[in-house]
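*Asks:* Given the sequences, and given the hints that come with them, work out the whole structure.
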Amino acid sequence: MIHSLFLINCSGDIFLEKHWKSVVSQSVCDYFFEAQEKAVDVENVPPVISTPHHYLISIYRDKIFFVSVIQTEVPPLFVIEFLHRVADTFQDYFGECSETAIKDNVVIVYELLEEMLDNGFPLATESNILKELIKPPTILRSVVNSITGSSNVGDTLPTGQLSNIPWRRAGVKYTNNEAYFDVIEEIDAIIDKSGSTVFAEIQGVIDSCIKLSGMPDLSLSFMNPRLLDDVSFHPCIRFKRWESERVLSFIPPDGNFRLISYRVSSQNLVAIPVYVKHLISFKENSSSGRFDVTIGPKQNMGKTVEGVVMTVHMPKAVLNMNLTATQGSYTFDPVTKVLTWDVGKITPQKLPNLKGIVNLQSGAPKPEENPSLNIQFKIQQLAISGLKVNRLDMYGEKYKPFKGVKYITKAGKFQVRT
Amino acid sequence: MSPRCHPSLYWNTHSCPTPSGLSPEKTEPLTVPRGASPCHIPTSRLQGGWHLGPRSILVALHDDLKEMLDSNKDSLKLEAMKRIVAMIARGKNASDLFPAVVKNVACKNIEVKKLVYVYLVRYAEEQQDLALLSISTFQRGLKDPNQLIRASALRVLSSIRVPIIVPIMMLAIKEAASDMSPYVRKTAAHAIPKLYSLDSDQKDQLIEVIEKLLADKTTLVAGSVVMAFEEVCPERIDLIHKNYRKLCNLLIDVEEWGQVVIINMLTRYARTQFLSPNQNVKDTKDAKAEAASLAKRKPYVMDPDHRLLLRNTKPLLQSRNAAVVMAVAQLYFHLAPKAEVGVIAKALVRLLRSHSEVQYVVLQNVATMSIKRRGMFEPYLKSFYIRSTDPTQIKILKLEVLTNLANETNISTILREFQTYIRSMDKDFVAATIQAIGRCATNIGKVRDTCLNGLVQLLSNRDELVVAESVVVIKKLLQMQPAQHSEIIKHMAKLTDNIQVPMARASILWLIGEYCEHVPKIAPDVLRKMAKSFTNEEDIVKLQVINLAAKLYLTNSKQSKLLTQYVLNLAKYDQNYDIRDRARFIRQLIVPTEKSGALNKYAKKLFLAQKPAPILESSFKDRDHFQLGSLSHLLNAKAVGYQELPDWPDEAPDPSVRNVEVRGTPRREKRKEKVEKPFYSDSEGESGPTESADSGESHHGGASSRGHHGGVWGRGHHAGDIPLHWESGSSSSSGTSSSSSEEEDEEEEEEGSGEQSEEKEGEEEEEKRKKRKEKGGLRKASPGSCPLCSSRGLPRPLSPMGWAWWPMLSCGPWQLLSPAFGAVRTYELLHRMAGEGLSVEYCFSRRPFPGDPHMVAVQIQISNNTDAEVKSLRVSEPKLLAGMRIQEFPEIGNGSLAPGDTASVVMGIDFCDSTQAANFQLCTHTRHFYVSIQPPVGELMAPVFMSENEFRKEQGEFSQIHLCQAREERAGQGVRTSLRIQRCPGTELSGDGRGQD
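As they're listed, the protein sequences go chains A and B. If you count by UniProt numbering, then the first sequence holds residues 1 to 418, one letter each, in order. If you count by UniProt numbering, then the second sequence holds residues 1 to 997, one letter each, in order.
Mixed in with the good hints, there may be bad ones.
Dumping the calculated BS3-like pairs for lysine-lysine here, alpha-carbon to alpha-carbon at most 30 Å [unchecked claim]:
#  : chain 1 : residue 1 : chain 2 : residue 2
1  : A       : Lys337    : B       : Lys143
2  : B       : Lys427    : A       : Lys21
3  : B       : Lys108    : A       : Lys303
4  : B       : Lys73     : A       : Lys366
5  : B       : Lys346    : A       : Lys131
6  : B       : Lys427    : A       : Lys131
7  : B       : Lys382    : A       : Lys388
8  : B       : Lys92     : A       : Lys135
9  : A       : Lys406    : B       : Lys346
10 : B       : Lys143    : A       : Lys378
11 : B       : Lys108    : A       : Lys21
Bear in mind the hints are in silico, worked out from the structure with no lab data behind them. A quick note: this is a predicted structure, and the numbers were derived from the prediction, not measured.
*Replies:* Following this line, the structure appears as structure tokens:
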């Protein structure tokens, strides 16, 4: 399966390598660099590259390429999914998955990689098990370690690996028992020039933070479970129970995890919470253009739309932009040609507007296409699909946990064509 | 911190990296600052280490590392190891430290030990002799009472790639494969491919170990051993037979990575063992040719095992792991009946929200699928719409899918979408869009003109790439109906002045040459211009200029004769030999000379023949001969180690090989019957429209077929996890059966959960079970028909306590009814051929076995077809699961059976409510035959009589059972059900707390 792993930063330095079988020379990465050069853009590097003796499967996460070396047939998604799991684990351990974090914790990284794969086949990928084996570094622990000389390798044996519930640590204890659920919905939409919706759907996730002692058995039910069209589950969820009763019944992992992700059935009309009025035009044979964008609230169920940010990739011919914003601030990066307008909260009384002149390269032909506007926003305390958690019951433990559910709606891939 | 205590400062300066830098530490160990211990140090020191350049310094540094490793302080050792691991991570060579490091393999500090392992595994290959020093430590570890230590010792031992220790590894693996702990067995499974890659001569022995581990019933081992199977002996499909059903049933509880491997393997397995579920569909296509064979062929009925696989994998479409979803999707694509494949579309579309690499792979597969099964993705058309922020490679794949999905009804929406794409800033993407439009236009005649007009408009685009791409596509479209479009050709002729892209120029020239009769005035003029610029053109353009010249010479020699000569002369001295060749060839062909042969006459026919229009096809066409989701499919080339996906067999191989029983017992006949009978639990066991494929047959079966379905389950559903009831033939009405089968579904869902889980029988569980026992008496009853008891069981040894209450129940408050038969089924115990003339059949007489109410009466018919007497027929050496008992039959008549004679005896078997087979030997005076009797579930139940009120009462309690059952199952415990003659507690265990209830 996975033979070796190389971590490469954006400037092409191989800053970590790990081999699970015989050593593969770093020079195999030259094929990757070649492909990278060809692709120009980092995100266009093909995830699978075939070389004379090996196959390279890579992912790009947080400005790091994770390049794995494969020698024989293996489902590419298997490797890709695993590499993302590695990146997630780093994120989980170090708070960020960056080159510095990895270099600072190189020994822990190595120990993690050692545990995660055996002979190239995934062994322990559940974060709960890994944390039992190798304790994540914290400031407190590094102080303690430096005083006592103890190590960050757990000296207890990872019994979790042996249990039937591999995702949960054994012997969890908390003084305050809490269970939080964040219902986060994202609206993916494409709005066309005239403002009509080309495509819209709601994708949601329920992220949980469970800090409960012992072996709690939870069941979470919804007021309107029929809304959920397509659901994918954390392995802890009992599938049959969902099939028959539409109740999420599970013994949760300890800590943060994604319980389910779902899609709201496409039959439901999606309420689009904002509208955008735009006028972007480039004049023929002149080196300027007009830019005028207004964002307003629409169908927001009485909640405030906040955290609004608009990003626009302007055409290459644009040299600079002189704009005035009635609200928030804007920046234009003349190198990447990205215009970012941080609007903040939308108040219906005074709609935010961004207006001004676009300076074009003189002599260059006028851009053919108007750029698309990418909008981000957030609405607190609202799940736009109307999904509601009904109740959370706990079995198997005696104490009364504190339970909380939070709803939030965000823009996902929300794009307005102009 | 003072510098003298902080060696890292010296290292950073590169100045005096001598061991003396350490001396303070050595001489005054007590003053070593606490801050110098593990966690604090790595950052600063390691980075210091990384910037070291000169080799000499490295060597010197290694010296002080050696000293640290030799010290007797764990903290120093740890620090040294951390720095060494950091060097390894960086790709620096640390092999010269091997002797110093390997000494610490037995260190007490667990972190030092782990890091030493890391080092050892990395360098053992290079320092084989020294690596042997560590082996004894691991051998000791293999004997440790702690399972985790045993496992980790085996793991490291097997990771050391030193050929000399192959025998030691082999031994260790063999031992670990029969370890008590499943975790150690899992590690053994992992070690198998390691050893195999080290020494492939061990294959045969390893296969034995694999075979043994495949039989393992724990989820922990399943994934790893199938992985080993795939790496070592993927061709030994026969090893899977006996484990097939178990793997299917365990699948949902296996960890996600194992699931992927198992599903991929089972896909291949199913392709070799089952018949194509779509064969009927294919037949109707070319009805005439197949009509004859269709008549001969039996109507297709899906093998229950095939169905089992499809049913058990379906929930995994909901996995969070994209690889699992893809694996199930490819399984459905390759194995499911057409009508059912659709379910995977939704899950695949969901993956499109994931990381871009996942999208890339999924879209490649969707592209292939959408060619074959377009309808499947049509409802999700809009999910493939392209956003300006998508990476180009994703955009192009989405475009491919959109094009594949285009049909008469949705083409207008798609073309409108394409119009927006054409204005994109991403020019590669625009080019791909133009290609896509071309493909839509060729495939859907209705929109051809619209597309063509749109493309012609693009010819005035400012971007040359766009124009060039349009020219190429227009050329292909024009070939379909050139006559109507001379205007466009003229327009394109003008473009030769401006357009520089060679491919586009070549296309225009070819077009003018080909249709020069439609543009008689312009063509010679174009040739004139091209002759002028000939020397500066690209090769492909030059070739087309020569072509154009030749064609004009043939049609319009008056105007173009000299031009042609000129061009040919230029070409004659071209640097490229292709062009020189072409020129020579064409000159011979078109310019008549004395030497030129008969071909000359046909020159016109040769050049101006009608050429078929090109078919624009997806590059993903026919990629599905690779297993979807595989690396080979993605690369469209066979990757190393790719296992070809076999074609469906024409004749189904013997399905009885999957029966779990003693090998060599012929049971074909029984099995065959089953295949022919519709098996309604199968088709109704799942809800939804996907079942259309075989639901047709499933209803007509009527009462007579019902009598048999118990038999279907009987065949080795070792889990007994699906309750079935026994319907007494004619007395059951169809209404009953459907209502009860619904119940069945429910129950199946609730109880399908992992019987594989470890059995934990606590006392309180026992209590609960006892509480339920009274209710359990009537688990299942169909209203209207005679009430039934169902039974269930597990092939699991049970504590005798577990069934202490049974006798009381077996009589029950109800009156036992006399059995009713639809038709008596006899099963073959020993075939005439296998028995060397002795044939034995058995049937279930459905009468209480005299003497022991716990036993099922089995009537055995023995015929002697030999020409000698068979003496002293008896049963011996029964191999039974714990709890099972056999009451042997009395000796026949005078102790021998004359040739041609037939005798009938009755024996009793206590199956313990399990559907596991009872295995024993049937002995004659000369021979021993291994035989086994496996009871259909239905034969384990007894019909009882009760009034309607009683029934309702029981039914009421029944629903409570469901509730408490669900809860208890979670706690990891048994569900007790009911019984007839048999009284073994059906232990349904699902202690793993997840999945299926």
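*Asks:* Would you mind marking each hint as holding or not holding in the structure?
*Replies:* Hint by hint, here is what the structure shows:
Between lysine 337 of chain A and lysine 143 of chain B, the direct Cα distance comes to roughly 66 Å. Violation of the 30 Å bound is thereby established for this hinted pair. Among the hinted pairs, lysine 427 of chain B with lysine 21 of chain A is inconsistent with the structure: their alpha-carbon atoms are about 43 Å apart, more than 30 Å. A hinted pair counts as satisfied when its Cα atoms are at most 30 Å apart, and lysine 108 of chain B with lysine 303 of chain A does not qualify at roughly 61 Å. This hinted pair does not check out: lysine 73 of chain B and lysine 366 of chain A have alpha carbons roughly 73 Å apart, beyond 30 Å.
Only pairs whose Cα atoms come within 30 Å are accepted, and lysine 346 of chain B paired with lysine 131 of chain A is rejected, the gap being roughly 35 Å. With a C-alpha separation of about 48 Å, the suggested pairing of lysine 427 of chain B with lysine 131 of chain A is violated against the 30 Å cut-off. Between the alpha carbons of lysine 382 of chain B and lysine 388 of chain A the distance comes to roughly 27 Å, so the proposed pair stays at or under 30 Å and holds. For the proposed pair lysine 92 of chain B and lysine 135 of chain A, the alpha carbon gap of about 26 Å is at most 30 Å, so the pair holds.
For the proposed pair lysine 406 of chain A and lysine 346 of chain B, the alpha carbon gap of about 28 Å is at most 30 Å, so the pair holds. This hinted pair does not check out: lysine 143 of chain B and lysine 378 of chain A have alpha carbons roughly 59 Å apart, beyond 30 Å. Restraint check for lysine 108 of chain B and lysine 21 of chain A: the C-alpha separation of about 27 Å stays at or below 30 Å, so the hint holds.
The structure fails hints 1, 2, 3, 4, 5, 6 and 10 (numbered hints given earlier, in ascending order).
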